[in-house]
Amino acid sequence: MRKVYVVGIGLTKIGRFFDKGLRELFAEAAIKALDDIGGEKVQALVVGNMMSSSLGEQNNLGAILADYAGLGGIPAFKVEAACGSGGVAVYTGYSLVASGLFDIVMVGGVEKQTEYPTRIVSKGLAQASDAEYELFYGISFTGLNALVMRKYMETYGISRDEMSVWPVLMHKNASKNPYAQLPFEVTIEQVSNSMLIADPIRLLDSSPIGDGAAALVLASEKYARKLSDTPVEIAGVGLATDHIYIAYRDDLLKLKATINASKVAYRMAKVEPSQIDVVEEHDAFTVLGYMNLEDLGFSERGKTPKEIAEGRFHPGDKPTVNPSGGLKARGHPVGATGVYQVAEVAMQLRGDYPGVKVNGEIGLAQSIGGLGTTVSVTILRR
Amino acid sequence: MSMRFSIPRTWRERRPHYLLEASKCKNCGKIHYPPRIKCDKCGSRDLERIRLSGEGKVVTYTVQYVVLDGFRDYAPIVYAIVELKEGIKVLATLTDVKPEDVKIGLKVKAVLRKVSEDGKLGLIRYAIKFKPIEAGS
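Protein chains in written order, with our numbering: chain A, 48 to 429; chain B, 99 to 235.
It is possible that some hints are incorrect.
[Unchecked claim] Derived coverage of chain B by chain A (criterion: at least 3 residues anywhere in the stretch with Cβ under 8 Å from a Cβ of chain A; other residues may be distant): (1) 122-134; (2) 142-154; (3) 189-196; (4) 199-211.
[As the list claims (entries may be wrong)] Here are the simulated DSS-like pairs of lysine-lysine, each with C-alpha atoms no more than 27 Å apart in a straight line: (5) B:136 <-> A:303; (6) A:301 <-> B:196; (7) A:198 <-> B:136; (8) A:198 <-> B:205; (9) A:404 <-> B:155; (10) B:229 <-> A:303; (11) B:207 <-> A:198; (12) A:301 <-> B:155; (13) A:198 <-> B:229; (14) A:67 <-> A:88; (15) A:219 <-> B:139; (16) A:303 <-> B:155; (17) A:301 <-> A:50; (18) B:128 <-> A:198; (19) A:404 <-> A:79; (20) A:303 <-> B:139; (21) A:219 <-> A:317.
[What the hints assert, rightly or not] One side only, chain A facing chain B, incomplete, derived with CB under 10 Å: (22) 68; (23) 192; (24) 241; (25) 292; (26) 315; (27) 318.
Keep in mind the hints are simulated off the structure, nothing from the lab. Note that beta-carbon positions come from the ideal geometry of N, C-alpha and C, so glycine has one too.
This is chain A alone, in the form it adopts within the complex:
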């Protein structure tokens, strides 16, 4: 397999953009990424998106976006893994270059979630769960995660205020991020007293609903130096799946797909968790923010809340976790998030991240579809 590099990046701010649809958002990010590679042409496009079909009545998304962004009739298609579509898009784009099929590929991610009220968007998001045996009962994706949050707090004896440490850190980091949807600080008290959505998940435990688009250009070694002065290597990739029906799993407090995907990525990159300098992980809800670090091998089960309260994983620590503000505060335009994460880690390693900066050589991005149903892990190296 050939080496693959991130050579171009373009992101939009995340928020509510009533004046921009899927095409406009994607074109904005894509054009920025093409500017980043000096206007060179890309040979193929892979797009991550979750709800163009369920909310936007639009399929054939790859072709539409390639056309609208002026990429021509190049090979283009969408990949979907619910809220983990972005990570799977990166994985797919990587494979297209590593295999030798293409030399220069654009990986995009885009999502529109602000066209309808929450009760309808939530129904779209709930399609990340088992349609016939979970969504069927009307449980929302938040409700599903609440089952895990309660079990986590009960099993490890974590209090409400101790759980609230995570959103406080995320918001603090996001307050420096010009792309973030929620760039303002919050307090433990505000988090713990915010509105109940699905007990025990409160409003400030949950990533917000927003729109956004991100684009990366990946290139083979032959083109990497021509297209960028600071190419960042994708050193390892891993992807794994698990039973979608969470009641069927043996252990609700670990995501096997994260464990399995990260093992493959670590082995391929020939690194261990202790060598990772920066992490962008998939904290769709507070409880996942903690569990992901345990599954990725950075902390012991149930101990993460206390460690973060003591300062671990904050800016300055190794690894620094979610300097962007994570899904909680940077935002979570679901199908695009996985592409944002890889872009953010790449910017950290090449030295031009505009928010909380991390000085480092090796970074990791983790993207989850559903409640740990599909997980991708990407490791990047300067």
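Dock chain B against chain A, hints included.
For chain B alone, kept in the frame of chain A given last:
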């Protein structure tokens, strides 16, 4: 008149939903709910259908206040993962119980209840829900 629920699909899935029908591997004994055609533990395709007891206890639960489109009339809704005495877990709505009376370890049994309806003229979806076992019953 729009149709939000599929009639063929509702008919097709009636046994797991109404009877808590699972599959059981004749080779290794693993029980699967929802039912399968191939055992995910040993790979055997020699499976039989069984009806689960419906008796179990609450492993974890949530009270959902912000509900999905179409469920406004039922809010707040209590959902639980119930571990049945066969050792297998299922996710379902809890019924005939106040949210404040739900706790981990609560003993429950399966009952057949309405889950949702497709407007006043459309299909009604039914399935197993769980209610507390009264003391002394």
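### Query
CA of residue 301 of chain A to CA of residue 155 of chain B, is that 27 Å or under?
With Cα atoms ~21 Å apart, residue 301 of chain A and residue 155 of chain B stay inside 27 Å; holds.
### Pair hint outcome, residue 67 of chain A versus residue 88 of chain A [Cα-Cα no greater than 27 Å]
holds, 25 Å
### Query
Against chain B, with CB atoms and a cut of 10 Å, does the hint on residue 315 of chain A hold up?
violated, 26 Å
### Query
Between residue 404 of chain A and residue 155 of chain B, does the CA-CA distance stay at or below 27 Å?
Cα-Cα ~48 Å, so violated.
#### Entry: Three-residue Cβ test at 8 Å for the coverage of the segment 189-196 of chain B by chain A
It holds: at least three residues are needed, and the segment 189-196 of chain B offers 3 whose Cβ sits within less than 8 Å of chain A.
### Query
Taking the least C-beta to C-beta distance, is residue 318 of chain A closer than 10 Å to chain B?
Violated, about 32 Å.
### Query
Does the structure keep residue 219 of chain A and residue 317 of chain A at a Cα separation of 27 Å or less?
Since the Cα atoms of residue 219 of chain A and residue 317 of chain A sit roughly 33 Å apart, the hinted pair is violated (cutoff 27 Å).
#### Entry: Per-stretch coverage check for the segment 199-211 of chain B, three Cβ contacts closer than 8 Å to chain A
violated (count 1)
### Query
Do the alpha carbons of residue 404 of chain A and residue 79 of chain A lie within 27 Å of each other, as the hint requires?
Since the Cα atoms of residue 404 of chain A and residue 79 of chain A sit roughly 21 Å apart, the hinted pair holds (cutoff 27 Å).
#### Entry: Coverage of the segment 122-134 of chain B by chain A, judged on three or more residues with CB within 8 Å
holds (count 3)
#### Entry: Verdict on chain A covering the segment 142-154 of chain B, criterion of 3 CB contacts below 8 Å
Check failed, 0 qualifying residues.
### Query
Does residue 198 of chain A pair with residue 229 of chain B here, judged by a C-alpha cut-off of 27 Å?
holds, 20 Å
Violated hints, listed in ascending order, are 2, 4, 6, 7, 9, 10, 15, 17, 21, 22, 24, 26, 27; each of the other numbered hints is respected by the structure.
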